[in-house]
Amino acid sequence: LQTNGAPPDNQREEVRSLLRDPKAELAAVENDINDLQARLADYQRRKRELISYVEDLGALLSPIRRMPPEIMARIFEFCGDIGARGPHAEPSKRAPLLLGSVCRSWRALSLAIPRLWTTLYLRLPTSGSFVKQEEILQAWLERSRPFPISL
15 LQTNGAPPDN QREEVRSLLR DPKAELAAVE NDINDLQARL ADYQRRKREL ISYVEDLGAL
75 LSPIRRMPPE IMARIFEFCG DIGARGPHAE PSKRAPLLLG SVCRSWRALS LAIPRLWTTL
135 YLRLPTSGSF VKQEEILQAW LERSRPFPIS L
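In the working numbering, the protein residues as written are 15 to 165.
One should not assume that every hint holds.
[Unchecked claim] SDA-like mimics (lysine to any residue), calculated; alpha carbons at most 25 Å apart, straight line:
(1) K37 / K61
(2) K146 / P128
(3) K61 / D49
(4) K61 / S76
(5) K61 / Q51
(6) K146 / F161
(7) K61 / A87
(8) K61 / G72
(9) K61 / L40
(10) K37 / R26
(11) K146 / V116
Since the hints were made in silico from the structure, they are not lab data. None of these values were measured; they are calculated from a predicted model.
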């Protein structure tokens with residue numbers, strides 16, 4: 015090991031025999047590492063599953079779930095007014111749609127608050143069909159009843 019020259023023929027076999035055990039141990043260590051990496055991947059997958067489960071269960075205890083619908087409705091109405099602070103200010107254009115896309119109960123609640131649907135912004139296409147805009151207008155009018163709608 016202390017020379018750069020080739021070992022003499024009589025030492026070559028001795029060097030080969032000295033290499034057998036370390037090579038076998040190296041292969042065993044590599045197998046152990048592969049096994050440990052596979053176990054680590056399993057633990058990481060299980061950890062992700064547990065984190066998701068804990069978050070899902072924790073969400074059940076969220077204080078907003080105990081909020082009475084009447085208070086939630088008032089909060090939703092304020093969300094529709096976000097941005098409407100001055101004489102020329104406009105309410106939030108997307109509040110009803112955003113609130114209704116959170117979950118099933120929020121959708122039902124947002125659909126049950128006519129005042130939330132009293133402002134509509136329509137972009138008329140420069141070409142093509144007006145059918146989609148007509149459907150949107152009809153749905154918005156139905157949701158805002160009995161209140162007048164602002165365009």
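Taking the earlier hints as the rules, which of them does this structure contradict? 1, 7 and 9
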